[in-house]
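The lines below spell out each chain.
Protein chains: 2
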Amino acid sequence: MIRAWAANEAAGAFELAEYDPGAMKSDDVEIAVESCGLCHSDMSLYEDEWGVTKFPFVGGHEVVGTISKVGDAVTTLKPGDKVGVGWFSRSCLTCNPCMGGDHNMCRSVEQIAVGRYGGFAEAVRVQASWANKLPEDLKPEDAGPLFCGGITVFNPLVQFGVRPTDKVGVIGIGGLGHLALQFLNAWGCEVTAFTSTGAKAEEAKQLGAHRVVNSRDDEALKAEAGRYDFILSTVASDLNWSLYLNALGPRGRLHTVGVPPKPIAAHAAQLLGNQRSISGSPLGSPATIRQMLDFCARHAISPKVERLPMSRIGEAFQKLKDGTPRYRIVLDNDF
Amino acid sequence: MIRAWAANEAAGAFELAEYDPGAMKSDDVEIAVESCGLCHSDMSLYEDEWGVTKFPFVGGHEVVGTISKVGDAVTTLKPGDKVGVGWFSRSCLTCNPCMGGDHNMCRSVEQIAVGRYGGFAEAVRVQASWANKLPEDLKPEDAGPLFCGGITVFNPLVQFGVRPTDKVGVIGIGGLGHLALQFLNAWGCEVTAFTSTGAKAEEAKQLGAHRVVNSRDDEALKAEAGRYDFILSTVASDLNWSLYLNALGPRGRLHTVGVPPKPIAAHAAQLLGNQRSISGSPLGSPATIRQMLDFCARHAISPKVERLPMSRIGEAFQKLKDGTPRYRIVLDNDF
Chain P
131 MIRAWAANEA AGAFELAEYD PGAMKSDDVE IAVESCGLCH SDMSLYEDEW GVTKFPFVGG
191 HEVVGTISKV GDAVTTLKPG DKVGVGWFSR SCLTCNPCMG GDHNMCRSVE QIAVGRYGGF
251 AEAVRVQASW ANKLPEDLKP EDAGPLFCGG ITVFNPLVQF GVRPTDKVGV IGIGGLGHLA
311 LQFLNAWGCE VTAFTSTGAK AEEAKQLGAH RVVNSRDDEA LKAEAGRYDF ILSTVASDLN
371 WSLYLNALGP RGRLHTVGVP PKPIAAHAAQ LLGNQRSISG SPLGSPATIR QMLDFCARHA
431 ISPKVERLPM SRIGEAFQKL KDGTPRYRIV LDNDF
Chain V
131 MIRAWAANEA AGAFELAEYD PGAMKSDDVE IAVESCGLCH SDMSLYEDEW GVTKFPFVGG
191 HEVVGTISKV GDAVTTLKPG DKVGVGWFSR SCLTCNPCMG GDHNMCRSVE QIAVGRYGGF
251 AEAVRVQASW ANKLPEDLKP EDAGPLFCGG ITVFNPLVQF GVRPTDKVGV IGIGGLGHLA
311 LQFLNAWGCE VTAFTSTGAK AEEAKQLGAH RVVNSRDDEA LKAEAGRYDF ILSTVASDLN
371 WSLYLNALGP RGRLHTVGVP PKPIAAHAAQ LLGNQRSISG SPLGSPATIR QMLDFCARHA
431 ISPKVERLPM SRIGEAFQKL KDGTPRYRIV LDNDF
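Sequence lines, in order, name chains P and V.
Position 287, counted from 1, in the first sequence is what the numbering used here calls 417; the numbers after and before it change by one each time, with no gaps.
Position 178, counted from 1, in the second sequence is what the numbering used here calls 308; the numbers after and before it change by one each time, with no gaps.
If you're looking for bench data, these hints aren't it; they were derived computationally from the structure.
A portion of the hints provided could be inaccurate.
For chains that are exact copies, the list does not tell them apart, and a pair is met inside one copy or across any two.
[Said to hold, decoys possible] Listed next, the in silico BS3-like pairs over lysine-lysine satisfying Cα-Cα at most 30 angstroms (straight line):
1. K352 to K184
2. K269 to K392
3. K184 to K335
4. K335 to K352
5. K451 to K297
6. K451 to K434
7. K392 to K352
8. K297 to K449
9. K155 to K297
10. K449 to K212
11. K297 to K208
12. K212 to K335
13. K392 to K263
14. K434 to K155
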């Protein structure tokens with residue numbers, strides 16, 4: 131049996147629960163959880179905002195831990211290995227996207243906390259392919275948020291070939307954005323932080339921004355016209371997208387990893403003249419996750435976290451709901 | 131003096147006019163016009179739809195002719211050379227886009243029929259860089275529409291790396307779309323034509339489409355879900371873009387070269403999961419135009435045109451306004 135923190139109904143109290151994970155699949159590994167980050171999408175699942183949550187609900191998709199058991203067919207990991215796991219826990223390995231390296235777009239990809247139990251638990255099982263070994267130079271206790279918040283913003287830099295000579299903007303300096311600033315600074319880019327929180331300006335610079343622009347000041351945004359090669363939006367709110375499109379230079383791209391309530395509308399004339407693109411992307415494949423881990427170890431990049439013991443999970447969810455942690459909450463296993 | 135067909139007011143009658151082109155610039159060439167295609171954007175300028183037209187207005191931006199004079203500094207072209215010119219007639223050659231090969235995105239690019247006189251004339255002058263020599267195997271009499279309609283749909287295939295293994299859709303089978311079908315068939319792709327005109331289905335297949343889908347049949351579009359790598363829209367009307375986005379597979383791109391009246395709206399959730407993009411592009415650079423001309427010569431690609439003598443220019447504009455020529459009108463110089 132595996133002990134876990136479960137909610138029995140949408141937004142309900144967390145209770146200690148146990149579940150039977152069944153027989154090990156031959157390609158599974160079992161991970162003794164050491165810590166697990168808390169992400170806004172845990173909140174969305176917890177409140178059943180997307181209508182896909184199964185109860186009892188055990189969230190948690192920023193897992194760091196140690197391999198405790200491996201299935202018969204697993205040859206790449208062994209007990210004692212330090213690994214991390216994110217939103218995805220299994221893919222078919224045979225469909226065209228999987229065969230093409232895009233396991234994150236597998237047609238039957240499994241999500242760790244949708245229809246199964248996630249990382250707010252003493253242990254969790256996932257397909258070995260999705261358990262990513264931590265480089266020795268990476269501090270495991272802070273690594274959790276890399277596996278969702280981190281890879282979400284690292285993936286588009288790889289997918290769309292962001293170059294060290296690019297001028298890049300990051301909209302929203304929170305759990306995702308504070309990692310994007312660190313990545314892009316180490317990537318060699320000119321980095322601008324767009325934030326509506328004046329108090330974050332200094333922190334944004336410490337995290338790697340060379341410049342800070344008020345994301346809700348239309349005049350300031352107008353002055354940025356034509357400047358950017360790439361603007362990465364991490365926010366889930368509706369902005370004046372037309373001004374951000376206008377801030378893109380030739381071949382510029384406005385890329386979102388957040389899901390604002392309303393559609394992003396662009397007049398074709400704004401796209402045509404400067405050959406601009408708008409796009410989105412999901413979390414990355416295992417190959418890209420591993421590139422990110424190496425990159426983080428080489429450049430001493432790590433999430434800024436607030437820690438709580440996992441038994442205070444209810445308090446942690448409330449803290450996330452009430453405000454903005456600086457910048458990510460991590461729950462330490464205290465089972 | 132150069133004789134030309136001019137309108138003295140928006141949508142006014144065409145009259146024979148003369149203008150003094152002044153001294154030859156050192157990097158200019160003068161082209162004796164043989165024929166010039168008629169494009170929907172000539173109509174937009176003629177009716178001053180965009181508010182940028184200068185009167186008297188001499189349109190025409192799909193010029194084919196023979197070099198008659200060259201400026202002092204021109205070393206790459208000589209009298210007698212057969213050339214073609216499109217929407218752009220001069221660029222600075224020094225700004226970053228020009229220096230990077232993106233002369234079509236030059237910060238001070240000159241448009242041949244905006245604030246100067248275009249190709250519905252006996253002659254026209256342009257910067258030598260923008261006069262593109264026709265390959266010997268290309269029939270000059272039909273080549274005109276390649277320089278606007280053609281390059282507009284060829285350019286995105288180059289810019290966004292469309293691959294011969296891609297499944298590609300073309301929305302709208304008109305002046306642009308009928309060339310896109312030919313390009314994409316020769317490019318090696320699986321080609322689907324989206325058209326609302328049932329009568330065009332058979333012609334679309336003759337032009338290179340392997341499949342035809344009714345562009346206004348929502349059920350038919352739903353059945354295309356996840357199929358396409360690239361969808362190229364050539365239409366200037368508002369469609370149900372959500373269905374077209376849904377028709378894109380992983381890494382798919384919806385690209386428009388037409389300008390519909392309303393913005394194209396996409397919910398971020400439709401972009402994220404499959405890493406989809408929406409984009410637009412302008413006409414191509416001289417380097418891309420020359421790639422297109424070689425490609426057309428090698429694959430015997432040519433516009434399907436209806437011909438009229440240039441003196442019947444008023445009738446030609448009326449014909450374009452009344453209906454859809456199959457697929458492009460070309461005016462032959464009869465000065």
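To see whether the hints hold, each was checked on the structure:
Taking identical chains as interchangeable, the C-alpha atoms of K352 and K184 lie at most 30 angstroms apart only when they sit on different chains, with a minimum of 28 angstroms there against 45 angstroms within one chain. Within a single copy, K269 and K392 get their C-alpha atoms no closer than 39 angstroms, and across copies no closer than 50 angstroms, so neither meets the 30 angstroms cut-off. In this homomeric assembly, K184 and K335 never come within 30 angstroms of each other (Cα to Cα): the closest approach is 41 angstroms inside a single copy and 49 angstroms across copies. Taking the shortest alpha-carbon separations for K335 and K352, only the intra-copy value of 22 angstroms comes in at or below 30 angstroms, while the best inter-copy value is 47 angstroms.
Taking the closest pair of Cα atoms, K451 and K297 never come within 30 angstroms of each other, the shortest separation being 33 angstroms inside a single copy and 44 angstroms across copies. In the homo-oligomer, the alpha carbons of K451 and K434 lie at most 30 angstroms apart inside one protomer (18 angstroms), although the nearest pairing across protomers, at 62 angstroms, exceeds that limit. Within a single copy, K392 and K352 get their C-alpha atoms as close as 22 angstroms, and across copies as close as 22 angstroms, so both meet the 30 angstroms cut-off. For the identical chains of this complex, K297 and K449 are neighbours neither inside a copy (35 angstroms) nor across copies (48 angstroms), given an alpha-carbon limit of 30 angstroms.
Neither within a single protomer nor between protomers do K155 and K297 lie at most 30 angstroms apart by alpha-carbon distance, with minima of 46 angstroms and 37 angstroms respectively. In the homo-oligomer, the alpha carbons of K449 and K212 lie at most 30 angstroms apart inside one protomer (29 angstroms), although the nearest pairing across protomers, at 73 angstroms, exceeds that limit. Taking the shortest alpha-carbon separations for K297 and K208, neither the intra-copy value of 43 angstroms nor the inter-copy value of 42 angstroms comes in at or below 30 angstroms. Taking the shortest Cα distances, K212 and K335 never come within 30 angstroms of each other, neither inside one copy (32 angstroms) nor across copies (57 angstroms).
Taking the shortest alpha-carbon separations for K392 and K263, neither the intra-copy value of 38 angstroms nor the inter-copy value of 49 angstroms comes in at or below 30 angstroms. Taking the closest pair of Cα atoms, K434 and K155 never come within 30 angstroms of each other, the shortest separation being 35 angstroms inside a single copy and 61 angstroms across copies.
Checked against the numbered hints above, the structure breaks hints 2, 3, 5, 8, 9, 11, 12, 13 and 14 and satisfies the rest.
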